[in-house]
Amino acid sequence: MTVARRIAIASPMGVAGETTAQVAVRGPSWDGRFTVLILFLPPALLLFTLFVVLPIGEAAWYSGFNWNGFGRPTNWIGFDNYRFVLETRAFWLALRNNGLIIAVSLAVQLPLALTLALMLAERFRGAVALRMLFFMPYILAEIATGLIFSFVYDGDYGLVASIWRTFGAEPPHLLASTDTAMLAVLIVIVWKYFGFHMMLFIAALQSLDKSLVEAARIDGATRSQALRHVVIPLLYPTIRLSVFFAIVGSLQLFDLVMPLTRGGPADSSNTMVSFLYNNGISRMRVGYGSAIGVILFVICVTFAFTYKRWFMRDE
Amino acid sequence: MSSAETTRAPFDPVVLFKAAFLAVVAIFVLVPLLATLLGGFKSLGELRVNPFGWPTHWEWQNYADILFSGRYWQLLRNSLIISTLTVTLTLITASMAAFTFAHVKFYGSSMLLSYLTLGLLFPAATAVLPLFIKVRDLGLLDTYFGVALPQVAFSLAMSVLLLRRFFRDIPHELLEAALVDGCSYIKFFRYVTLPLSRPILATVGTITFVNSWNAYLLPLVMLNTDALYPWPLGIMIYQGEYSSEWHLILAFITLTILPTIILFLLAQKHIVAGLTAGAVKG
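So the sequences go chain by chain: L and G.
Counting along the first sequence from 1, when you hit position 216 you're at 204 in the working numbering, and nothing is skipped either side.
For the working numbering, add 647 to where a residue sits in the second sequence, where the first one is 1.
No farther apart than 16 Å at their CA atoms in a straight line, the calculated lysine to aspartate or glutamate pairs in the EDC-like style are these:
| # | chain 1 | residue 1 | chain 2 | residue 2 |
| --- | --- | --- | --- | --- |
| 1 | G | 834 | G | 823 |
| 2 | L | 198 | L | 110 |
| 3 | G | 752 | G | 820 |
| 4 | G | 665 | L | 110 |
| 5 | G | 752 | G | 823 |
| 6 | G | 781 | L | 46 |
No lab work stands behind these hints, which were simulated from the structure alone.
Bound-form chain G, shown alone (with noise of 0.2 Å):
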């Protein structure tokens, strides 16, 4: 708390404790997490001694071994394809439904814009069995569009409203005076609306992906082969194989959790701003 040195005595009672109070939550938030770290380094033995601290001796071996089995990268490759598929189909169905919604006065645009955001009121587990039943019925079952396709539906009605809130701000006189000048709508969405609209794109983009990448339950449903297993099914399934083994659940852990660590490192004004913007969890 370094402002504090310039307007108030070193040792002012208020500044210790909120000092004291951030360093306590900081504590709660860091420990598990770095004690999952650092435990995939250490032996079982170790582990159970010294859950806390530094490895005595660094056991490379469990990251290694992680690292150079197959089952690691079919995992992430797993969830790379499902969750690129859905932030695709997402922003390209979103983006164009936006599109219409901001720009196209139609006979009734504002009942179909509701209509899409009763998305928004409930989650899909409400509905798991029947879209089991349609996914199955579509002959989608235990494919990657089975899992994707439903994510999509449920990520439209947020995306849809975010894209849309942004389109609009897009000054309605240059649509007017591309229009006239020939341009069709099309070319207009494709060639100023859609370059104009990066930063929404990236949030929506970024939102949509971390949902579906951390996403369980609608890959558990649909999915039965292993194969085709996204990283959550899969470290659930790695956990009941090696059920004490603890060291070795704790290196896969940190080994799936760090590409959504490092994506938030390098992305994170965009998922901060989408998903506080959007989030309907929490």
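Pulled out of the complex, with its shape left as it was, chain L reads as follows (with noise of 0.2 Å):
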């Protein structure tokens, strides 16, 4: 009791705690919720606020320097490293990239992953099979996947020219043209992680009220009515969220990038990240890339927050 008490007792925590705890037993149990609070939490706390938390607020300090990381930051040069990273053309490229992978996540594979998990929520033989099928690529490490893509786009090798000569044409180096290197890391994407998106509709389509969609037939709605006026509104909430995980995932992309095509050719294929790698981490320009993980941060932040706010209030 004695000292952990006092302890307890003497902190405003402690105090707090005693007056707004409805705990039945006292006495013994605060003492044990002492002793839990100060070796449960710790941990966890600590190495997140090492690891997540401070580094994020040293990113905001670093970007004020000019600095190569070596030594101590003393080159203070305010916002322009802000500046260096809004005058680069390849952010604006990188920004434009992360906006189709969004516009191609929206358009493309959100509707392709709805579609096959109407169809394989029902129950026949190899429904299960189809559903594991598809949500392998999502699990294999995204460089195996940009590496299989690799191949499969080789100009010399690959599956795409080999179907490219059967018809006598000369195979394209799809990765490596500013015009299609784009177009191929977008299709690999839809690839890897369509399935993911259709496993979280069929999560939903399970736990969805049957008797509702009876219902509808029953009062002489065709399949396609109840499709589109019952199920579709029932998915609603899954439907937002497969949008936000789609766009936190566009806005976190990058090892995909890094074996298909770097980033290039001349920066067409750039994603925030592979950007902030590319010119920052690789070339140890601490503040400039420091400055692209804060503009990174505030549009994560900023769209995390408002799409919450907009679209999820009630999750």
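Taking the hints as your guide, dock the two standalone chains into a single complex.
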């Protein structure tokens, strides 16, 4: 009791805890709670603060310096790093590419995932196997996926080249052209992630109240009417969640781009993170790279808060 | 589509369309994977003229060379060490924190929880430069912990949320009864909460493992020594060395994704549940 209890009462946290707690057992129980608090919380909080929160704060601080990471930052240049980033054409290209990824996720991947989910949520022989097959690309490492597709797209040995040759055409080097590199990356993104969104929808469909659909059918709704006016509206929360994941995923896409194009040629397939890597990290331009990081951070946080406020109020 | 047989005519156009659509998607998913697996069995010359088909001559040598090289096993060993460290530390720290948030009432509890969930809002990449400098200043650069600790920190938010939701469903009366009988919080955590929570621990563990096993950016930034590289780094270097000897690269890719696929087939339930419940990627 003694020492722990005295500390507990002396600290403001302890006092407040005493007054607000409604635990039936007092005395020994509070001792136990205090022990839990000082033993169980610090490891997580410490790690999180040290490796997640502090670095973000430091990124904001470092972004004011021209610094190569050695010694201490001394060359304060104010907001110049931000100006340099915003004046770089590659930055805007990367931002545009992230926009493209989001557009393709919404226009191609989401409808595809939803259609497949509606087909595969029904029970028939092979449905589970197909679900697993479609989900599989999602668990493969992005690096492996990128390498597999850099083979698929390879102008000499790849699958695409072979198809081209059977038609007697000169095979293109899809990843080496500024016109096609980003398109090629987008196809890989759909290949890799549609199964994940499909699974989200299947999970939602399976927990859906079937009686609502049956009621609509009894009232004379056709299959497609029941789908459009009952099932899809019931899926709106999942659709919003799927859109959220698609956008967040786009903003952190990096691993997939590296084996495919490294962001090239001529920055045409950079994402925000690969732009950050190519311009900040690989050249140890800490200030400049931190400025990109801070911009990305602001985009992510602004997006997450607005999206949650506007579209996901209930969750 | 066998359910169709009972209720519909065998050539119902809707069913046919569905089957055709599913087949096209299945081919779209399967062909790159199969071509990779089979490509590893071909010679470079055959790969060029026959990238799709069955190998005419099976070159077991490609796979054997990799399997008998120390390199492949070293990469897997490094990945396994880093992932195991990450999973163990995540499960320990996250379950302790989640237990506190779920069962101990204290001033500031909800504030601290929202503080932790800040971690869901942005990817590790945003702060990777300061993170590099922090890890360097701590002397952890080029060590397994230099990769594992930041990975733990970034997986904490999601893990604590998932675990806390589960822990809260353990009846509070159980805890109160145990406390009255003189059981401490810590004993309750150890002997009641954890054993009851195996499914969620497995789920959280699996997500964390898959994420860590596949991770590329953090090891890329934190490690400099080849001997410490996990497989995603190693395979990129391998590809750089054998730039257009695709038959070898394909064999290497197949062997490195094999553990993931085996794990997936063994732990499907946890992986699907975990990744669809907790993924921030997609």
